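So the sequence lines, in the order shown, correspond to chains A and B. Take the first sequence: its letters are residues 1 to 495, numbered as in the numbering used here. Take the second sequence: its letters are residues 1 to 1157, numbered as in the numbering used here.
It is worth saying that the hints were derived from the structure and are not from the lab. Bear in mind that the values here come from a model prediction, so they are computed numbers and not experimental data. Heads up, the beta-carbon is just placed ideally off N, CA and C, and yes, glycines get one too. Some hints could be false.
Just some of the chain A residues that point at chain B, by a computed CB distance under 10 Å [said to hold, decoys possible]:
no., residue
1, ASP109
2, ASP307
3, LEU481
4, GLY484
Chain B is nowhere near these chain A residues, computed Cβ spacing over 12 Å in every case [to be verified]:
no., residue
5, ASN218
6, SER258
7, SER312
8, ALA420
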Amino acid sequence: MKKITTYISIISVVLIGLTSCELTTPIDEIELAYQLDAETAINDEASARLALAGAYSSLKEEPSFMLLVPEALSGAVSPGTSFYRLEIPSWIANQPLNLEEAGDNLTYDGMAALYRAINDANWLIEKVADIDDANFTSASAKNEILAEAYGIRALSHFYLLRYYGQWYDTSSEYGITLRLEPIRSGEAFPRNTVAETYTQIHSDLDFVIANGADITGNRGGLNSLAGSALKAKVYLYQGDYTMAASTAKAIVDDAGGSYGLSPTFLELFDNTTDAMFYNSEILFGLRGVLQAPVPNTRWGFAVGYNDAYVASLSTGTMTVGAQTINYDSNRMSSTTSPGFFGTNNLKYTNIFSSGEEFDLIYHSRLAEVYLIYAEAAARSTGAVSSDALAALNAVRIRSGATTTGGDGFETYPATISYDAFLEAVRIEKSVELAGELGEQWFDLVRYDWADGFGSGFQVSDYKSSATDPNKFILPYSLLTLEAGGRIEIQNPSYE
Amino acid sequence: MKFKLTNVFVYDKRRLLKVMMKTFIFLFCTTVFSLNPKVGFSQSAEIKIYEDKIISVEEIFELIKSQTEYNFVFRPEHIQNAPEIYVKKGDIKAYVLLKKGLDMIGCTYDFTDNTVIVKRKLHPILKIPIQDTFPIEGTVQDKNGNPIPGATVFVTSEEPAQGIDQARDFITRGTSTDFDGRFKIDASLNYYLGVSAIGHKFNYQKITSNKATYSIVLEESEDRLEEVVVVGYGSTRKKDLTGSVTTIDAKEVEQIKTQTVERALYGKVPGVMVTGTGQPGTTASVIIRGLSQINGDNQPLYVIDGIPMNINPNSRDSNGLLQGSRSNPLLSINPTDIENVTVLKDASAAGIYGSRAANGVIIITTKRGRKGAKPRVTFSVNTTIQNPQTKYEFLSADEYKEFYTEQAGIYGVPVPTFGTADTDWQEEIQNENALWNDYNLSLSGGSDKINYYVSANVQNQEAVFINNKFKRYSFAANMDADVTDKLTVGMAINYNNSIDQSNDLSSFRYAGAFRPDIPVFDEAGEYTDSGYVIFGNPDINPVGQDGRVRNNLESKAIRTNVYAEFEIIKNLKFRTQFGSNQTNDDVNNFLPSFTIQAALDGLNGNLFASGGTPVGILSTQFNKTKNIIFTNTLSYLTKFKEDHTLNAVAGISWDKTENEAVGANYAGFPDDFVLINPASSSQVFNGNSDFAQKALNSVFGRINYNYDDKYLLTLTGRADRSTQFGEDNRTGFFPSFGLAWNMHNENFLKDNALINQLKLRVSAGRTGNDNLPAFLFRPVMAVESGFGDNPTQYNGLNGFRLQGVSNQEIRWEQTDQLDIGLEFSLFNNRVNGEIVWFDKSTSDLILLTPISAQTGFSSFYSNIADVSNSGWEILLGGDIIRNENFSWNSSFNISFIDSNVDALKGGQASAFGNFGVTEGYPLGTVFGRDIIGTANTQAEIDALNAGAPDGQYDTSLLAPGDFIARDIDGDGQYTAEGDQIPLADGNIPDYFGGWNNNLSYKNFDLSFNFQYVQGLDKVRNGDEFLRSINFQRMQNYIRHDVVNAWSPDNLDAKYPRPGSNSWSSNSRFVSDASYISLRSAAIGYNIPSSILDKFNLSNAKLSLTGNNLLLIHNYDGPNPESVLRGVSNTSSQSSASDGGWGYPNVTSFTLGLTVTF
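With the rest of the complex left out, here is chain B (with noise of 0.2 Å):
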């Protein structure tokens, strides 16, 4: 029988027996070799060995042989299993070699005239031969039915005690599994047949009678350090790391509900923070350990199979096209199709990534096929039914008729007429019970040379607002095979296909505001409209309005990849791999020409001049990425003196992406419904487009040295050279190490029971982020268009002119990393857990910086600016049942982060300027008024203005019921300069994490999970709550801040009077945003095998899952959650405000089936 193992289960099998031999040499040596003290002179015959090797009993016989007089009887079924042993370069004696070989194998030797004789051994205790044996066979699967490659099993004559690392058996025989899960091996009466696999639990039996065949299922292992995880260009098992790196499986990313990976992070990574919304295939901003961006995304880079991807390009081009209508670049990957996410934190880690990952990076990798497996066809489908988590609640409209009239009475204006409708106008714009169908259908297998993964998917889902849809496609394949012993090709194509139907409805809070004594229609069957006119339109009901503008954004993405690995020679292996990930977005928004926004469209983009009538507009997008990489890695795996360890990676790699986004507007369509195409407008307006793109040249390389399990080093280097850097500085260089020291391998820990792991390691290193836009320093030109604006045409000429001034010296943005971790792992590995500190300051931040006018320019990008972020990190987690029936895994996570603005250096974060940026503060911080009170009196205000140097306390305290805030620096007076303090951050909470936990009872397995924010202010942005009354649209308003406002007979409001200039960001608008969040929660059930059976199903599966199930917290507003997300809005620096114009977020539940063939 002959097989090929990966890399790291040959490392692993060796490793186990290693462990075994040594277990059993010194048993031997204490126990059988005492009882054997005879040592025979000729058997003391030095034998000289050359260098360190594993050798067969065979070649010891060999060796002997050549070396001496000595010859060999012996049965060649005796040692036809006999485990390889390693030998060590120098002298050792003849017997001594040959106990070795034998012990192993249960046999024993007489020595008689240069004549070894080979036999069986007594037993130990019982001093009888031992037995004879007889083959037996089997199979070795995982609970699903998967065949386990290569499981070590091994035949012994006394009953294991533990886990296998813990054994102090005689092992008398052993094998492996091939790539079927098949063994073969021969037995004896009366003994133990153990079975052990990497991310397995150890299962032994008796052998009893002479079956000759066996099935063996092995449970999944809750020890964790077995997991092999990839860290980029490579992998390496979890107790080998040195850096902050956590890994996500299937299993849990199936627990969220969700067209993207990123959501399925919520709380389950310590220091990882993720915010969304419930709108259908947004991105969700994922920031690890802090902001450490002012101007970008503060995103880390994807990397999904090999190929990394920024999911917001910077383009030089500030009309910004690009962070407009655009798809989730996540969207090229299905979640389904995902076998698992690791995150890297650290430097250590993440550095293999260079100048790309100071944000951290997610590597995505999918499923794929094992070789040896039958086929399977996998088939599942699930029912989702979705509902707004939170909604608001407005005034009634009896109460909003009271509000009216009564503040018609404030203002002096007539009572308006009310009508005699009560429209609920969010339950009208909402789609109730929005349902989401997803069926997925895969198979999987493969020969022993080849194997392939196929699957397709198909999603139809609504949104919460009617006439919201969103429509997926996906189909991926992969295969790999090996060609020969040597060569192993694969390749990879992934195809989606998204069709995101939208109109404007995307919050609650806007669309629920509408005056609700009006019904959605009027007698003759027309929408009705709110009586006011603005800019020449209607004010029609949401429903009218935005619920029927058309938005369509219909995105595809092929992603594949291609990739050969030859090994040169034993463990030196070259790989190969080509990458290609390109993605077209269609976008199509029409606005009917009885829309607001079209009038004021048309009025700005001077399609009409004042007084005109709107006309419909149609904008189009297409948006273009194209990314290829090719990438080429030396990898070398050796052992050495039997301690040493090392896995070292080195590789090239060429990586070229383009954004591209071309849009063109349509005016004048003879109607608002069907001839809306372009081919039907009478005027194209603004053609336009942006562009961003980027090349890297990388170096890199990681050397893992590992000695005796005790001592792990991590040595990583990557150089990059971009066109996004300076010509003084187009390379950038990023070093970090990882050091870590395995205390529980240590002597004085080895054999203590409590201990199974305790591992402290230390990592430090730079990282770079480089999503700057290219060739910032080279002076260019180039053509300036805009909305109605058009600043370089001059005189017929569509000219260009030069586009600010080129700075020589740009380059990437640094980030230094120190993290300082422990891990641990006790109680026979029921508990385990991790405590890590890490510090992160980044330094050389790109700001627009003053240059002198002189230059023709006010600003340039040059790298000024300072962040910093610290932390602790803790993880813990462990087995808080287990049992054969019952078992409850339960991890707890917690982060506490800190963010600092450290300088600015005169530097701006945008031509509008640092709005949240602030030196000294955390990123987000907004600033407002310090509120004292509120003026119950005019003689109050008087008596204030009186004593303003001004003559005027504050521009917004006007009249009896207006806040009064604090004059902190004691002019007399309100001023913004003086006056104003930080009122929330929004971005960074006192601490945030999640508990998770995983349950199985039998058939059932059960899991849920929390995610919780404590400590996080956000500012309630008074905008539109009762700022201004306006008494021709009649808005409606929310009864918690109608009720809470001032009045005569309410001195002790909250908030100030209706109608006040109070209502901006103040103290009194700070609310806190901490929450805890039932994220999922879900059950599944697996029918029995004995159905199972009779239907010819391998597994079925039936669970229901539920997510965003609960929500507690003490906030203002509906949902502290409440965040402005898009594609281009991950940045999060505008966190800190919630206006309620975010998407809601989405409570769902999901009934599902998954049939295994």
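One chain only, chain A, in its complex shape (with noise of 0.2 Å):
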């Protein structure tokens, strides 16, 4: 007996030694398991590249609906089918809601989901600036990474601007606050003015243009060529129509060799292979596979196209001397079905039809760098140039137009004057750009805003209730707000 409790004490004594060394750890040096110390996940050529799929996940997951505002406040989506979320409504009345609960606030979401983007590459940009080069293959390697997040911010603050801030108008206080460090607090910042938004932006997109890889087979990444075009399309929508041609123009003249226009229109958008992520005109497109798909609520549940605005680019046609020109032959009619919650976009993947698992977001495509041209061509001149007729035509050339100088879905002539112009480049580019980001919204603005507002070209005239220019732009959320201490300005006409 005696022996068996000298065993066990033993034992005892044996067990707790050999583990209380290990049982004894210092709660501060116990570590995170399965996740990474932000501070020290942004090591090396690898890491940075991963961090770098995470920055654009973020760009393709969180701002899904706000890729909505847009097709809503133009009048490009059905009112009957988007009741499930209040705010869309909102958009499609020119009165967008300022929602005041949290969790079903796309107002609120949707800039936080951007400025996510953004801080993601912000957190790339300060950890691989600090990385030695030696740790990557390349010199170039270490810039193009570089290139990409800085890419990432510039269209993210871009695309806030263009929901959130007065962008038509480079004078105008209300731009959005710029972030260029990554995130540790809850703090926020007062707003930025839309000249200080635009300039942090042209400086990050020449980051990329300088540092940015070269156009390759993979366009879901910012690459150079990517950077100049959103650089152009900054440009026209700062009204700097000379540095938007030109920096448009210099696209287009190289074309040819690793991009082009895509030789049809619809394989640009035919889900079922994963050509169309490989396609020239494609500068830069957000991809979707099956098992990483975008997001399915930018159209798919959320909404489905307002069969009007549909006809009315279909079936409408421009009179240009004696010619009566169709805006479209089957762009709209080929891209669109009649579907179970509306008029399906098919320029997205339906889960409801087989075999698609490919989907692109289409940031950046050929066509409208085109168009671009075409418009900020004619703006800085004010007179129609070959050039610029040949950059609109061109691209409905490609989709079929014939040059008979007969009626139909012809090519623009050279008589065409410089108001008719203009309307149909952003007739073009309604037809052209449909149901992808929205463009035709901001292009309404635009020319709205070109003229002054109120008078000559008027939104409202093409979406009857866009009457409140204050309303052309979304309001900041009372929750950002409030949470934000009041420490930004609300946008005109929202307090």
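With the hints in hand, could you dock these two chains into one complex?
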């Protein structure tokens, strides 16, 4: 008996002795499991690329509902199919709602989502800069990663500006807060002016253009060329038509090698094959695949097309001289179809049709650059140059426009007036880019702003409820204003 | 004879002896002493005593000898059993000191020429020399034959009047029993032999012969005040408590047939609300003193043999695998191995567990062997028959056909084709008289140095649904050894293995609603379907669909602990304990390809695109819990200046817990029945995992101070440094105090015959809740993956991104609690009770708090909200009948709790909003329409619409038969924002409690326990009622709902028309969920020893126990208790709605036989 007790005591003491070192770990030395400390997570090329994939994911995932804002404001989506997110009908009615509840607040969540992408980019920018060049396969590799991060930041700031700031007015104080550092607390900062916002966007884009990768087969990342395309677009939004025209012209003129207009319009939207990812026309698009799809909350279940809007584009015509020129031949009809929840937008995968596994969010494609050039060239000179006309017609010819000089889906003639040309470009963009990122809305606002809100071209002529220019942009969510201690000012008419 | 007693026994024995001594001295002074007033001059010599001490008679002689010139003459046998006496520092006269020592043993002295002759005293009354003595010996046992160690045995000349504490007798000599319950003492003829022991009734008998051996059986005492209660890192007597503590013993645990112990608390403990279902092995929710967490499970901290355990670990990852398929952590302890369960409710009692104690603490102590006890083998077998307590009443096949025919007319659709069968689907899916066999074998015993306990248990439980089985194998072993006089070492190991084989049948409500006009099988022998096709699969009947899903959850838990206790100096003990708890769960759920769920999951998981063929899906999950705890404590017990007792404990502990869940899914199996292992699959998808971790370094201490048993003070403090707390708040300090005043020990009540105990106590303090994800204060990046989603996967790379905004200041949720109680015991302890008021205010609750969208996120976790609970707890108990053959002990408790969400400050319970959480209302309150009537004509509706600004009064008011909701804000229409009223809170009854009874008559014992809940409302959730009539699926409906539905012939109906949109939460669906339940009733028969002896058995008992025997209620559904409860579904914020989805409660009858060798 005594032996047993001795054994037990020895075993116990040994057990306790062995385990106590392991057990008595001070709390501060206990490590986080299966998650990376953000401060040290990005430490070589491989980890930087993973973080970059994460940043693209943020851009792809989170702001998906926000892509509906311009579609709704411009009347492209059906008023009847969007009841389940309260703000969407308010956008359709051009009276953007400012929900006070969290949890169902797209205005709030959309802003946070774009800032999330910016924050992801900022962690990359800060951390990659600190990594020794030797940790990269080449010096350019490091810069290319940085360029992509700058590109994500520029794109997100630009989107924020056009949703929440008075982007059309470069003298406005209603820009958006620029966040250029990784976020480590809940602190908020005041809004920057529109001019400051543009300056930062250009500065970031310049880095992309200078250091970004050349465009290759992979258009799922921000490359140098996409940086240029985006820069042209930003100039157009600012009203700097000369710079917009020259930037776009350089891109158009160089087309032909690694990029160019897609041979056919429809192959850009063939969701059954990943060939669309490599289409020569795509400059930058965010990709979704079956196992990592892009969220279907943009169109899918959220909204359907406004049939009247589709009809006005697919059957509309413009009279130029003696010619009655159709806006479209079959671009609208071949990318829409009647569906369960209203008219579907076939540019994105339809979960009810089989075999559609691939998806793109078309952030930048060459056809848009052609049309940016056409408009900017005309506006910067006050006249329609042959290059500008050629750019417009190039997009139409790709979709089957004929040059007979008769009626129908024809190219626009050289006799087209300056005003008719601008209108033709605007309509062409609406048709060509329909259901992609809502570019037609920003065009309406720009055209209205160009001759002063309230005179000449007016948005309300195209979307009857859009009468209040203050409502052309969204409010700052009351929640974010409160949470930020009211350090940001609210947009006019939303207080 | 030498033996070691535990602290408490030593303490008690001394106290007891002291009472005897005092009493004796008092009596002596008034009687004997006054008869012998001769005080010789020399006897008055002052003897100096240099310190307070306890000395023997022999030492008294030595002391006097050393300071005077006296010699002593005495017979050693006279002083052989003399008790020691307590002397105070100072001067004492020699004769006083001598009397003090000698009076105890019935001796006196003569004093001549410096010689003291010690001799037998004369009998004070008879005036004859006190009798000569003869030795006797014997054993003291309880009625089960267990030896009672440490019992006080004494011999007295006067018949004891009452219990020993009230004795006013001469005690001649005393001793204590050893660990085998044996004693030896000198007795005298016609004297009395008295025995008293803690927890037992006092027993005495007259010594009428020279019989040398005695076998004394003590009955268990109802005097709960002497109970020893574990209070965390130590124990104390119930009477010395300053806080709210309730103990449930093994006998009460046995009354509820359960796989896990928390269900045994039904109605037993004031302030504790238990709700559960009859699903084998699942957790019941235990809410102590109201809900104090908005996010979190509101469950107490369980401490099993010193190892703390959270039921629901909180991970940072929101994908929620840990919230999904997991076994009940309490399955790691088998109820048959439990000695007792202690519930710590107030801040003073629970405070020793600091940052984890805000929801109260439940301490579970397992059975151990006794030193000096002979080996005992106990075998028990229990057979239980189970049936659902309630089922639903659906329309019969004929009524069903009539209903659909009528509805087809209203909807203008063709009358459906009906089948000819009349199938009761509830019957088809029920496993009638589900059997539950339970075999238990235990061995316990000990030598004088070692004690041991070993038990093994096998259980085989069928559930009340077909093809559901729960098997369990458990094994427990522990031992303690006194290695030396000062060193004790012990260990325990506990292994539990449970296998839960189930299918998807879990509610009579859902499966029972399948169309009754078709049989289970068609003529070809195939399972029938309703004719409806969903996502490519036919809607097969429940027997063939949910009944053929195969879910398997196997859990293995190993709990071990090792300790060593060393007495450094007298009364100062060091204890070190290492404990570990490891649980592994293996989950395999197979959805055959023909199920609708498989089709849905396949679509959601992008296994195939729309129009493809559904495939079988196997979901596997492996859960691992690892908990290690290392605790070192120093405890000190001292008595000074006679009246002061100090019991202190201080310690440090390290505690680390990790919970991990790993899941993977497989699809594409060649068949649905055999080739369903992962190797047979063609596709693996959605690999997933979840991880929660926690580590605590703590310092804690408690001081119990007792002055003269009148004034008690407890000071408790704990500092926890935790991985869950932000860098600005790494350490939390949780202080508390408790004060108690034993008024019955005051002079003014001391002699009151009515009052045995009257204790007033007050406690206050702070505890915390730390069940939050770890490292919320640090910015982290992680991969995100999800079912067919994989958000951070981009362009072929599995990337990572930032997971939220960190909060440096994150910390525990803090609960401040005040508790005032009055405990009493009256009429010779026949009536006892307590009245307690408490106020619990919880602040710094962690919610998702909005932050500026500039941060990239819409919210982060921060400590902002406040919740409060307050209430009364009343317990009244007593022996209604107490005599030799028949006793009836009854105890009634009632609790009133008010709960309120005081402030949310903009915070949000989850990303989905604040469901059930509204400022100014109890947690869990659901809101809805206030119904003022039913529209009987279209004209009524048109009139309302005409007055509505939107042209529509209410979106669910469309046709006659729809409800009209009250327009509270007067804007002319019903809107969710302005016109909702609180309907029900579902969690907080007006009052609740239990009535518990134990009776015994000769060899029979009987118990019955009621639990009741009063003033609780629930909203019967209308989702599956008559909301929409699906002519494709053609489901059946509950008769009550159909009968009470509006129709042109039934304009005053309680419910709206079938198919109305008005079948959503509203005041008409609120039903009173109060109930009285006979939770358990048991009758036991102890086979008499005359029979036992023939079979060489020491004990045998037959018992019949019933659970959930009677349910009295006025609820619209069949069972007001209906709740959804899974392992992770204990937070109860949604208990206010009853959709009928809960697993039914079970009525059971258990026949048991327990035999002890």
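Hints, verified against the model:
1. ASP109: Hint on A:ASP109: holds, closest Cβ of chain B at ~6 Å, below 10 Å.
2. ASP307: violated (24 Å)
3. LEU481: holds (8 Å)
4. GLY484: holds (3 Å)
5. ASN218: Not fine: 7 Å to the nearest Cβ puts A:ASN218 too close to chain B.
6. SER258: Given that every Cβ of chain B is farther than 12 Å from that of A:SER258, nearest at about 18 Å, it holds.
7. SER312: A:SER312 is indeed farther than 12 Å from all Cβ atoms of chain B, at 29 Å.
8. ALA420: It holds; A:ALA420 is separated from chain B by about 42 Å at its closest Cβ, greater than 12 Å.
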